[in-house]
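Work out the full structure: start from the sequences and follow the hints.
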Amino acid sequence: MDQARSSAGDLTPSSRGQASAKGQAPEAPRSSSAHRSAEIEDVLGLSNSRRWQRLAWWAGAGALVLASTAGVLAWRNARDADDGIRWQQVELDRGPIVVKVSATGSLAPKRSVSIGAEVSGRVAEVLVDHNDTVSQGQVLARLELDTFTNNRREAQASLHAASTDVARSRASLHEAELNATQAEKLARSRIISETELVKSRTALSVAKAALRSARAQLSIAKIRVEQAEDQLEKAAMTSPIDGTVLRRAVEPGNTIAATLQAPELFVVAEDLRSMTLELAIDEADVGALAVGQSASFTVDAWPDRQFPARLTKVFYAPTTVDAVVTYTAELEVDNRELRLRPGMTATAEIVTRTHQDVLRAPNTALRFTPPPDDVGGGGFQLGRPGPRKTRASRSALWVLRDEAPVEADASLGDTDGYFTAVTSSELSAGSRVLVGFSKGEKR
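Every letter in the sequence shown is one number past the one before it in this note's numbering, and letter 393, counting from 1, is 393.
Keep in mind that the hints were calculated from the coordinates and are not lab data.
Note that the coordinates shown come from a computational prediction; the quantities given were computed from them, not determined experimentally.
Accuracy of the hints is not assured; some may be wrong.
Claimed, not checked - List of simulated lysine-lysine pairs, DSSO-like, C-alpha gap at most 27 angstroms:
1) Lys199 - Lys222
2) Lys234 - Lys222
3) Lys234 - Lys100
4) Lys439 - Lys110
5) Lys185 - Lys208
6) Lys110 - Lys100
7) Lys185 - Lys199
What the hints assert, rightly or not - Across the chosen pairs, the derived CB separations fall in these ranges:
8) Thr104 - Thr147: 27 to 35 angstroms
9) Leu338 - Arg367: 38 to 46 angstroms
10) His130 - Arg94: 40 to 48 angstroms
11) Glu403 - Thr104: 44 to 52 angstroms
12) Arg341 - Glu125: 40 to 48 angstroms
13) Ala59 - Arg94: 53 to 61 angstroms
14) Ser213 - Ser114: 22 to 30 angstroms
Quick reminder that beta carbons are idealized off the backbone N, C-alpha and C, glycines included.
Laid out in structure tokens, this is it:
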């Protein structure tokens with residue numbers, strides 16, 4: 001058609017004349033309507049061509065994506081075959097989960113007493129040594145007694161003199177009372193003057209005051225005697241409790257100066273068959289503790305033995321060292337065998353929660369992360385839609401499906417440091433989860 005139009009358009013006037021001369025009438029020009037119809041057909045033909053071109057382009061792109069995906073899968077399978085990936089798996093099981101709080105501390109006697117000298121003097125003798133068992137009231141050491149004995153004798157002499165003064169004052173008062181009574185009678189008979197009567201009354205008042213003073217001096221003398229006897233008694237240092245001597249810091253001949261504070265000479269601990277373990281609990285763990293919880297601990301002296309204990313107290317007062325806050329907890333310890341000693345460093349575990357017969361996974365499975373290229377679904381995988389998982393419930397278990405690791409839907413619970421409780425609709429006892437992988441040498 002285009003060629004025909006081109007040929008018709010190319011006719012010259014001479015050629016038209018030749019055509020007329022030959023008896024052929026020249027082609028009549030097309031009408032305007034026919035011309036527009038032809039143009040519409042041309043446009044429609046052009047649009048269909050472009051549409052087919054677009055469809056062909058999209059089909060080619062899709063084929064290219066499929067070919068790329070197939071190539072990636074083939075490359076991964078070939079690489080796995082060459083590398084020889086061997087997935088390491090373990091089975092989930094059911095068992096107990098015991099949650100514990102760990103802390104360190106030191107052993108101490110339930111009660112210990114520091115014993116010192118309350119009076120000054122020179123040590124005459126020391127009667128006990130380290131580790132000796134003592135009873136209440138037993139003499140541990142004694143100071144030289146000469147000074148204290150002399151002080152008591154002096155106080156007793158002063159007491160005797162004060163007693164004599166009281167007796168003398170009492171006699172003088174009696175005499176003054178008689179004189180005053182006689183003066184009253186004589187004054188009524190006008191035998192003595194008023195002045196003599198006043199003198200007798202004054203003498204009576206003086207005698208009464210003298211007696212009161214003598215009695216006060218007598219009381220002071222008695223107190224001095226008591227003080228002298230008390231000092232004499234304190235010259236002998238005794239144990240206030242039944243127990244064991246932990247420390248002795250005195251030798252015969254030492255001079256003791258008990259002026260402002262009594263020096264510590266002995267430390268006596270109460271019965272060591274029952275002791276206390278004082279622990280420093282981190283502030284993050286103190287909320288899980290409760291009085292009565294069971295515990296166990298070890299000491300370096302007996303590394304292969306677990307000693308039982310029981311939580312008896314958690315202090316409210318904090319202890320802050322280098323911005324680290326801890327709280328003191330006390331454990332009651334049975335030491336009937338006397339294997340434990342005060343001051344030993346102990347590592348304890350307090351049982352805070354116990355779960356029986358729960359689905360559990362080894363913590364090695366929680367730490368496993370597969371290589372990104374080996375994750376099921378390809379190298380790029382969108383997460384499941386839904387709310388963001390918290391750290392406590394986030395799944396971290398991987399299983400092998402179609403020879404590719406896939407993240408299992410699971411919630412994690414308490415852990416004892418070796419196993420973690422698992423709640424999952426996909427996993428059960430006997431399910432195998434990934435814990436690692438190994439690759440062989442390429443061929």
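Verification of the hints:
For a cut-off of 27 angstroms, the pair hint linking Lys199 to Lys222 is broken: about 35 angstroms separates their Cα positions. A hinted pair counts as satisfied when its Cα atoms are at most 27 angstroms apart, and Lys234 with Lys222 qualifies at roughly 18 angstroms. Distance restraint check for Lys234 and Lys100: the Cα-Cα separation of roughly 51 angstroms exceeds the 27 angstroms cut-off, and the hinted pair is therefore not satisfied. A hinted pair counts as satisfied when its Cα atoms are at most 27 angstroms apart, and Lys439 with Lys110 does not qualify at roughly 60 angstroms.
Distance check on the hinted pair: Lys185 and Lys208 sit about 21 angstroms apart at the alpha-carbon level, within 27 angstroms; holds. A threshold of 27 angstroms between alpha carbons decides the hint, and for Lys110 with Lys100 the separation of about 25 angstroms falls inside it, so the pair holds. Annotation: proposed proximity of Lys185 to Lys199 holds, straight-line Cα distance about 14 angstroms (limit 27 angstroms). Thr104 and Thr147 have their C-beta atoms about 50 angstroms apart, which leaves the hinted 27 to 35 angstroms range violated.
Separated by about 44 angstroms at the C-beta atoms, Leu338 and Arg367 satisfy the suggested range of 38 to 46 angstroms. One distance hint, 40 to 48 angstroms for the beta-carbon pair His130 and Arg94, is violated here, with the actual separation near 54 angstroms. Checking the proposed 44 to 52 angstroms range against Glu403 and Thr104 shows it holds: the Cβ atoms sit about 48 angstroms from each other. Taken as a hint, the range 40 to 48 angstroms is violated for the pair Arg341 and Glu125, whose Cβ atoms sit roughly 28 angstroms apart.
Between Ala59 and Arg94 the Cβ separation comes to about 55 angstroms, which falls inside the hinted range of 53 to 61 angstroms. Restraint check, Ser213 to Ser114: a C-beta distance of roughly 44 angstroms breaks the suggested window 22 to 30 angstroms.
The structure is inconsistent with the numbered hints 1, 3, 4, 8, 10, 12, 14, although it conforms to all the rest.
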